[in-house]
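Mind docking chains P and S on chain Z? Use the hints.
So you can see what is in the structure, the chains are spelled out below.
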Amino acid sequence: MAMRSEAVPLTSRADRVRGLEGFPLLPVLILVGVALVAIFAEALAPHDPEVGSLAARFRPPAWQAGGSVEYLLGTDHLGRDVLSRLIFGARVSMVVGFTAVMVAGAIGTGLGIVSGYLGGWVDQVIMRVTDTWLALPALTFAIFLTAIVGPSEMNIVIILGAVYWTRYARVIRGEVLSLKQREFVRLAIVAGCSKGTIMRRHILPNVLNSAIVLGTLMLGVVIVTEASLSFLGVGVPPPKPAWGLMLADGKKGLMVGYWWLTVLPGSCIMLMVLSANLLGDWLRVKLDPQLRQL
Amino acid sequence: MSRRALLELQNLSTHYVSAKGTRVVRAVEDVSLRVEAGETLGIVGESGSGKSTLALTILRLLPPAARIPSGRMLFEGEDLLQKSDAEMRRVRGKRIAMILQDPMASLNPLFTIGDQVAEPLRVHEGATRATAWRRACDLLKAVRIPSPQARLSQHPHEMSGGMRQRIVGAIGISCGPRLLIADEPTTSLDLTIQAQYLNLLRELQRAHGLALIFITHNLGIVAKMCDQLAVMYAGRVVEQGPVRQIFRAPGHPYTRALLSSIPRMSDGRQRLSAIDGQPPDLSALPPGCAFAPRCPSALDQCREVEPPEVAGAENSCVRCWLATSGSGRGNVGNGAL
Amino acid sequence: MTRYITRRMAYSLLSLVLLSLTIFLFVRITGDPTTLLVEPGASQADIDAMRERFGLDQPIWVQYASFMQRLAHGDLGQSFYYRTPVLELYLSRLPNSLLLALAAMVFSLLIGVPSGILAAVRVGRFWDRAGKVFALLGLSLPSFWVGLVLILFFSVYLEWLPSSGSGTAWHLLMPAFALGWYFAAAHMRLTRSSMLEVLGSDYIKLARLKGLPESLVIAKHAFKNALIPVLTLAGINLVIMINVAVVVETVFAWPGIGRLLYEGITFRDFPVVQGVVLLAGGMIVIVNLLIDILYAVIDPRIRLEA
Numbered sequence: 022m023a024m025r026s027e028a029v030p031l032t033s034r035a036d037r038v039r040g041l042e043g044f045p046l047l048p049v050l051i052l053v054g055v056a057l058v059a060i061f062a063e064a065l066a067p068h069d070p071e072v073g074s075l076a077a078r079f080r081p082p083a084w085q086a087g088g089s090v091e092y093l094l095g096t097d098h099l100g101r102d103v104l105s106r107l108i109f110g111a112r113v114s115m116v117v118g119f120t121a122v123m124v125a126g127a128i129g130t131g132l133g134i135v136s137g138y139l140g141g142w143v144d145q146v147i148m149r150v151t152d153t154w155l156a157l158p159a160l161t162f163a164i165f166l167t168a169i170v171g172p173s174e175m176n177i178v179i180i181l182g183a184v185y186w187t188r189y190a191r192v193i194r195g196e197v198l199s200l201k202q203r204e205f206v207r208l209a210i211v212a213g214c215s216k217g218t219i220m221r222r223h224i225l226p227n228v229l230n231s232a233i234v235l236g237t238l239m240l241g242v243v244i245v246t247e248a249s250l251s252f253l254g255v256g257v258p259p260p261k262p263a264w265g266l267m268l269a270d271g272k273k274g275l276m277v278g279y280w281w282l283t284v285l286p287g288s289c290i291m292l293m294v295l296s297a298n299l300l301g302d303w304l305r306v307k308l309d310p311q312l313r314q315l
Numbered sequence: 008m009s010r011r012a013l014l015e016l017q018n019l020s021t022h023y024v025s026a027k028g029t030r031v032v033r034a035v036e037d038v039s040l041r042v043e044a045g046e047t048l049g050i051v052g053e054s055g056s057g058k059s060t061l062a063l064t065i066l067r068l069l070p071p072a073a074r075i076p077s078g079r080m081l082f083e084g085e086d087l088l089q090k091s092d093a094e095m096r097r098v099r100g101k102r103i104a105m106i107l108q109d110p111m112a113s114l115n116p117l118f119t120i121g122d123q124v125a126e127p128l129r130v131h132e133g134a135t136r137a138t139a140w141r142r143a144c145d146l147l148k149a150v151r152i153p154s155p156q157a158r159l160s161q162h163p164h165e166m167s168g169g170m171r172q173r174i175v176g177a178i179g180i181s182c183g184p185r186l187l188i189a190d191e192p193t194t195s196l197d198l199t200i201q202a203q204y205l206n207l208l209r210e211l212q213r214a215h216g217l218a219l220i221f222i223t224h225n226l227g228i229v230a231k232m233c234d235q236l237a238v239m240y241a242g243r244v245v246e247q248g249p250v251r252q253i254f255r256a257p258g259h260p261y262t263r264a265l266l267s268s269i270p271r272m273s274d275g276r277q278r279l280s281a282i283d284g285q286p287p288d289l290s291a292l293p294p295g296c297a298f299a300p301r302c303p304s305a306l307d308q309c310r311e312v313e314p315p316e317v318a319g320a321e322n323s324c325v326r327c328w329l330a331t332s333g334s335g336r337g338n339v340g341n342g343a344l
Numbered sequence: 252m253t254r255y256i257t258r259r260m261a262y263s264l265l266s267l268v269l270l271s272l273t274i275f276l277f278v279r280i281t282g283d284p285t286t287l288l289v290e291p292g293a294s295q296a297d298i299d300a301m302r303e304r305f306g307l308d309q310p311i312w313v314q315y316a317s318f319m320q321r322l323a324h325g326d327l328g329q330s331f332y333y334r335t336p337v338l339e340l341y342l343s344r345l346p347n348s349l350l351l352a353l354a355a356m357v358f359s360l361l362i363g364v365p366s367g368i369l370a371a372v373r374v375g376r377f378w379d380r381a382g383k384v385f386a387l388l389g390l391s392l393p394s395f396w397v398g399l400v401l402i403l404f405f406s407v408y409l410e411w412l413p414s415s416g417s418g419t420a421w422h423l424l425m426p427a428f429a430l431g432w433y434f435a436a437a438h439m440r441l442t443r444s445s446m447l448e449v450l451g452s453d454y455i456k457l458a459r460l461k462g463l464p465e466s467l468v469i470a471k472h473a474f475k476n477a478l479i480p481v482l483t484l485a486g487i488n489l490v491i492m493i494n495v496a497v498v499v500e501t502v503f504a505w506p507g508i509g510r511l512l513y514e515g516i517t518f519r520d521f522p523v524v525q526g527v528v529l530l531a532g533g534m535i536v537i538v539n540l541l542i543d544i545l546y547a548v549i550d551p552r553i554r555l556e557a
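Chains as they are written, first to last, in our numbering: chain Z, 22 to 315; chain P, 8 to 344; chain S, 252 to 557.
Isolated chain Z (complex conformation) (with noise of 0.2 Å):
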């Protein structure tokens, strides 16, 4: 009869044995070539993707009838080339995603360290802080600030930044919580090391592993808010393409039928959150076991 008897520990062996095995190449090749794509959006894009022909709005995808190889994609209402500004478009999720998860991951990661070595009064801060900003909900905290500071795509990095670095804060606390103990850093308060020479040379290092597998899980959820934002309308102002903001104007279209204004858009977060996710997936299992807790 089966059944799963003895030290099954918290991290069940199902995990491992049945998780990912190898690399995850295809999300890897995905991340890159969305990434190459944004760096060469010029040469690649056939259209501009911010002005648009009135003669050739809502055209369809070109292989369906009434649509033409000029506008591979097909084009929106205001006639913009689909395919030229999903091009685009990955030039934003990709700066403002990662920008903003590497500021939130600064942020944390700092403070977390912060918070975590140093303990006391400014532990409690920190942490009453983090507390109470991870009770408001991403988005919703998101949506107030870009009410407070208007949308701008720095702005929007910011914001981002400042909504999602709690999540890095504490789970890098609970990192060097336990580090604290480790013989390495007694060693180096015992010979002296000041705080700040122990928390750069020996809290960091360590705790990197769990910052990047953090952000990649994060870069996801990052790029999924920054499409909400656009989708809302205060995301990054138009006319520049944000895939949210092309779902926002395709649902204009969508009650006639012109799919193709939202499956698009929607496919490529999609695809970025997933490689994303899978990535990160793989990076959990690889470079700390431990951290399958997040």
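If you're looking for bench data, these hints aren't it; they were derived computationally from the structure. A couple of the hints might just be wrong.
[As the list claims (entries may be wrong)] Calculated Cβ distances over 12 Å to all of chain Z for the following chain S residues:
1) 270
2) 280
3) 298
4) 307
5) 329
6) 343
7) 417
8) 421
9) 424
10) 474
11) 532
12) 545
[Stated by the list, open to error] Now the in silico label distances, taken between C-beta atoms and shown as ranges:
13) P:54 x Z:227: 29 to 39 Å
14) Z:67 x S:421: 41 to 51 Å
15) S:479 x P:209: 32 to 42 Å
16) Z:86 x S:470: 48 to 58 Å
17) S:311 x Z:46: 50 to 60 Å
18) S:255 x Z:149: 15 to 25 Å
19) S:353 x P:198: 50 to 60 Å
[Stated by the list, open to error] Within a straight-line C-alpha distance of at most 30 Å, the following computed BS3-like cross-link-like pairs (lysine-lysine) qualify:
20) S:471 x P:148
21) S:383 x P:101
22) P:101 x S:475
23) S:475 x P:27
24) P:148 x P:231
25) Z:273 x Z:201
26) Z:307 x S:383
27) P:101 x P:27
28) P:90 x Z:307
29) P:101 x P:148
30) S:471 x P:90
Note that CB positions come from ideal geometry on N, CA and C, so glycine has one too.
For chains P and S alone, kept in the frame of chain Z given last:
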């Protein structure tokens, strides 16, 4: 061997096979044992020696990766390996019971004591809730739990460790099994409670005619509780026989080392003697005797060919080349090689 | 147990205060909050009057004090667009969001819990792998995209379901599905890992050793224990659902507080935005408190922790 043994294991092996089938861990290898009714068998060994796996094999509660490639397990004459899942289920708890090491972990934190003690009675004997609870109360009394009626509606975390272990014992004997397997039942108890608990087990055994298999790494407990002893190393039984006999004249170097590593007050020696080396990796055992790398008396032969079981005095048995050559351990070997 | 509850409540109170402080400070972060607090298109006289009213020239702690005072009285300002008190507006829309969230939660638990249990019991085999794919999709597909695709299929192509508004159960189906989709995956994942952990525990081993039938082992011993973390999460998720439904409500024009937030930002109705955010945070803090208390009541172990 005229009388049929209660439990007889013949050349039993249990292997764990890795997911890809490449690594095989020989957790239990070629084990043959007998337990008579009402008798106590102690199984002793280091962690990783296969004792717990052996217990789970008897009850056929192994994880999916395990295989039983060979052997027979005869319980009251029936081969347990031939039984279907449903049949085994009727054996477990009712005819063979087992208690585990950590009583806190063994009891479900969300259910009352009464519920958990009554459960096997309801499942195996179809007792009604009222009857089962009454019997549960009697069982708690039998294991000397004070104010048993009140305890029935309490939860595990409200009990002390010693009480919890008794409760687990009560669950074990609830359906009147013939055999009780205890896997390190006293390891997580305070020393002061251990003695009490062992006494309780002895009493229960006498009262119910239970056979007991006692798995432990503590030879002191073996000396006190057991009639027969089997010493396991690297999945094999390296020595077995009556406790007195083995303690008096251990035949296997490992047993000898175990016995001598128990510190004794009368000892003139200042230092504790430990056994050199590490327990072996069960998936990559060296050829020959598994203990050879750590054995102070190893011969070349020991490192090349696995020793057979050699019968010795008083129905004891040793798996060692030294026992066959008659090189001075007082055992007359039947298996001349 | 009362000590535990009191401590928990004090903690929640602190969180609420910090929350309001955070919001308060953020509003003033740009230096001049008049652009936000005053209606667009107001005259200079209006602006000055507003400045007076909110005491914007006063030192910050005075402002905060009056802010807290207003909060305590339930005064969250007045919507520019609707010309009704924000709180009133919020409370009128809340039931709709609650309804949507409940429907989504039911859906997510109905799908998530059984599939999680199935995946755990059949770990490593087909259902587990299927479950993993499902989880991945659930966590990667944004809810509003799911909603849009649903509309495309069921409203446009098949014409079975209405694409927007509320009023009948038919209107509820798609938004609930879109909203619950992500959470179904999250609940599945948690149920699975919780179940696996429970299945590996000693008391399950003992249950099997007692000779209990496997169905009883799973349904009685494993299930209840495995469910604890899932229910906790579900409770928290319910409140989160109410708040992150912004996009789904916008897609389906569902008249809940998410839609209210959308209207707030579209019409530059800042009091509404501020109110929704404050109430969102406050709601979550309070619900967390309630869940912790409930947890303490259900799980007998917690009661003893002082």
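Consistency of the hints with the structure:
1. 270: Residue 270 of chain S not clear of chain Z: closest Cβ-Cβ about 5 Å, inside 12 Å.
2. 280: violated, 7 Å
3. 298: Check passes; 18 Å lies beyond 12 Å.
4. 307: holds, 15 Å
5. 329: holds, 17 Å
6. 343: Correct as stated: the minimum Cβ-Cβ distance to chain Z is 19 Å, above 12 Å.
7. 417: holds, 18 Å
8. 421: holds, 17 Å
9. 424: Label holds. Min Cβ-Cβ 17 Å, cutoff 12 Å.
10. 474: Non-interface label stands for residue 474 of chain S: nearest chain Z Cβ at 16 Å, farther than 12 Å.
11. 532: Check fails; 5 Å does not lie beyond 12 Å.
12. 545: Holds, since 18 Å exceeds 12 Å.
13. P:54 x Z:227: 29 to 39 Å: holds, 31 Å
14. Z:67 x S:421: 41 to 51 Å: Hint holds: Cβ distance 42 Å, inside 41 to 51 Å.
15. S:479 x P:209: 32 to 42 Å: Taking Cβ atoms as reference, residue 479 of chain S and residue 209 of chain P lie about 39 Å apart, which means the hint holds.
16. Z:86 x S:470: 48 to 58 Å: With Cβ atoms ~56 Å apart, the hint holds.
17. S:311 x Z:46: 50 to 60 Å: Once the Cβ atoms are compared, 55 Å apart, the range 50 to 60 Å for residue 46 of chain Z and residue 311 of chain S holds.
18. S:255 x Z:149: 15 to 25 Å: holds, 20 Å
19. S:353 x P:198: 50 to 60 Å: Taking Cβ atoms as reference, residue 353 of chain S and residue 198 of chain P lie about 56 Å apart, which means the hint holds.
20. S:471 x P:148: holds, 27 Å
21. S:383 x P:101: Between residue 383 of chain S and residue 101 of chain P the Cα gap is close to 39 Å, so the pair fails against 30 Å, i.e. violated.
22. P:101 x S:475: holds, 25 Å
23. S:475 x P:27: violated, 34 Å
24. P:148 x P:231: OK: residue 148 of chain P and residue 231 of chain P at ~25 Å, within 30 Å.
25. Z:273 x Z:201: violated, 56 Å
26. Z:307 x S:383: holds, 18 Å
27. P:101 x P:27: violated, 37 Å
28. P:90 x Z:307: Judged against 30 Å, a Cα distance of about 42 Å means the pair is violated.
29. P:101 x P:148: holds, 20 Å
30. S:471 x P:90: At roughly 26 Å apart (the allowed maximum being 30 Å), residue 90 of chain P and residue 471 of chain S satisfy the hint.
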